[in-house]
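If you read the protein sequences in the order shown, they are chains D and B. Mapping to my numbering: the first sequence position 16 is 16, numbers consecutive. Mapping to my numbering: the second sequence position 221 is 221, numbers consecutive.
Hints in this document: simulated from the structure, not taken from any laboratory. Every residue, glycine too, gets a C-beta built ideally from N, C-alpha and C. Mixed in with the good hints there might be a few duds.
Stated by the list, open to error - To give an idea of the chain B side of the interface with chain D (calculated C-beta under 7 Å), a few residues:
(1) Asn41
(2) Val50
(3) Glu111
(4) Val116
(5) Pro117
(6) Tyr136
(7) Tyr144
(8) His187
(9) Glu189
(10) Met223
(11) Gly226
(12) Gly227
(13) Ser235
(14) Asn250
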Amino acid sequence: MQITKTFKRSTVAALAIAGLVGFSGTAKAQVDVPLVESGSSLLYPLFNLWVQGFQASNPNADITTTSTGSGAGIAQAIKGLINIGASDAYMSDSLVKANPTMLSIPLAISSQAINYNLPGVSSLNLSGPILAAIYTGKVTKWNDPMIAAANPGVSLPATTIIPVHRLDGSGDTFIFSQYLTASDSGWASTLKYGTTISWPPIAGEIGAKGNAGMLAAAAANPGSIAYIGISYASKVAAAGLGQAALEDADGQYVLPTPANIAAAAASVANTTPPDERISMIFAHGANAYPIVNYEYAIVDSNQQAAAVAGAIRDFLTFAITEGNNASYLKQVNFLPLPAPVETLSAAQIAKIQ
Amino acid sequence: MLGLSLLIPAALCAVVLFLLIYSWPAIGFSGFGFLTHVNWNFGDLDDDPVLTRGLMVPGGASYGILVFIAGTVLSSFIAIIIAVPLSIGAAIFLAEAVSPKIRPALSMLVELVAVVPSIVFGLWGIWVLIPLIGHYLSPTGNGYGLLAASIVLALMITPIIATTLLDALMQVPKENRESAFALGATHFEVVSKAMMPMVRATLIGGIVLALGRALGETMAVAMVSGGGFNILPTSIFSPISSIASFIVNNLDSAEGDPTNMAVRAIAEVALVLFFITLAVNAAAKVLSSGALHVRKRQH
């Protein structure tokens with residue numbers, strides 16, 4: 001009841017504003033409508049940069065951003081409590097079935113590095129099956145034959161492996177476990193993927209809070225391994241952690257360089273469906289880095305007021321065009337959408353009415 | 001005025017009632033196993049829900065919180081064991097050994113520790129305490145776990161107990177103190193035999209207050225506990241999770257459950273935490289009234 005009432009009131013207010021703007025006929029349409037964005041903590045810094053940039057050309061724009069988590073972003077966008085939900089993952093089939101008007105719109109491309117703390121080891125190859133064995137406790141020493149086989153010529157110490165994982169629900173856990181699900185049949189049939197995994201107990205493992213906690217735990221414990229979002233790359237390097245090359249779908253070991261991340265994005269660009277809900281994890285293609293994902297805006301295509309819909313369209317259009325410039329994305333190590341995907345996102349944005 | 005005084009209990013009842021109603025399907029789904037199982041699994045949130053025990057839930061979902069109950073209770077009690085002697089020592093020192101001129105300044109310092117935000121304790125834990133435990137104590141070289149959480153909690157609650165006790169010690173009538181001295185008691189005997197028995201009820205009250213804070217502490221524990229999952233702690237170096245930190249760290253994942261069962265299960269977790277705190281407080285009421293009886297009989 002309460003929510004419906006608030007909705008009606010805000011609709012009336014929005015219509016009134018739209019009316020005023022319409023009468024005055026000078027100001028850019030819709031810019032006065034307040035928008036609320038909430039969700040992914042990974043996208044949060046980028047959204048703040050976008051809002052600043054958007055306000056430079058639309059000084060009246062009123063957009064509030066909050067960092068709550070991808071799950072909350074999706075849930076609150078569905079309930080209509082916020083206008084734009086930010087999520088590291090697209091909406092699941094079951095959620096889309098229950099909420100057919102909700103759109104998952106890619107805004108940029110992110111990825112994740114597998115970092116390790118092994119003094120003296122400057123390069124390391126890892127694969128999905130090796131990571132699955134480490135995170136289920138089957139491989140416990142760095143000089144295990146399984147790891148050695150992937151690293152000919154590298155002298156691996158007999159150090160105990162300390163697997164570090166996120167203890168809070170996280171998009172990083174989601175894409176990490178998606179990589180293991182795609183590349184290891186044992187993992188796929190038991191633990192699967194999600195923002196929280198029912199981690200098997202391993203002696204000496206660490207659950208850490210947030211990417212900052214992951215970095216602190218990995219830096220403090222020689223022998224540790226951690227999955228950390230690419231936006232932390234410079235801090236990870238400063239802490240002296242190594243970055244592993246991962247086995248891709250074609251059996252090549254590739255590092256999360258901008259070129260290899262772009263290769264993964266390009267390989268999926270032409271097969272991305274119109275609703276853009278597709279995993280880029282473990283994609284085929286030359287040098288395609290295996291843990292790459294779209295960062296999504298979760299928006300209801302069926303808006304209560306035309307003015308609100310217009311304001312959302314304006315802002316999201318800015319995000320996938322000017323907002324995809326290196327000046328914005330470089331600060332968080334994200335990459336721009338490939339041209340065909342930008343076209344698909346623009347088509348989805350146009351559906352917001 | 002009566003209405004106002006009833007407002008707080010009414011709000012409390014409303015919260016508990018809400019949690020109970022909201023979590024009711026989860027209570028029915030998990031039954032008593034909720035409290036006795038060590039395995040927590042949100043299940044496959046991406047696939048279609050499956051019919052399990054008469055309810056639609058994500059495939060493979062199972063909710064057991066014994067690990068989190070153990071983590072909460074153990075870390076809080078170890079924290080109390082560390083904090084109580086420290087607090088008693090600090091309070092007696094401030095009440096008896098320090099000149100009245102610098103006492104206010106020192107006791108203010110102790111009170112200051114009580115208002116330090118828990119995230120600051122958590123950061124101290126990550127950057128100072130955990131490397132220390134890892135290098136010098138832990139057999140695995142990993143400092144995250146039960147001991148780190150307990151020490152951080154102990155530091156947070158020591159000032160609560162110490163200041164409560166100090167206030168009580170300062171209010172012990174001069175006559176009691178002086179007559180004990182007049183009977184030839186040493187300073188130690190005056191404190192231990194004439195003063196401490198009079199403040200026992202207050203001490204227990206302070207401990208309960210501190211225990212309440214330790215049981216519900218979220219952020220600092222989450223940062224240093226190691227986030228134990230699906231396994232009970234086997235030593236003081238084992239990773240643990242507390243109930244409160246589990247709730248705040250997993251509510252977001254729970255929201256991805258299209259059947260809503262995960263969020264209901266988390267509401268049930270909150271309900272359990274509430275009843276644990278209630279039980280602790282009730283036990284303390286019994287204990288401290290016992291202490292009062294002792295005091296009355298002595299008079």
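Next item on the list: Provide an ascending list of the numbers of those earlier hints which the structure does not satisfy.
Entry: Failing hints, ascending: 2, 3, 4, 5, 6, 8, 9, 13.
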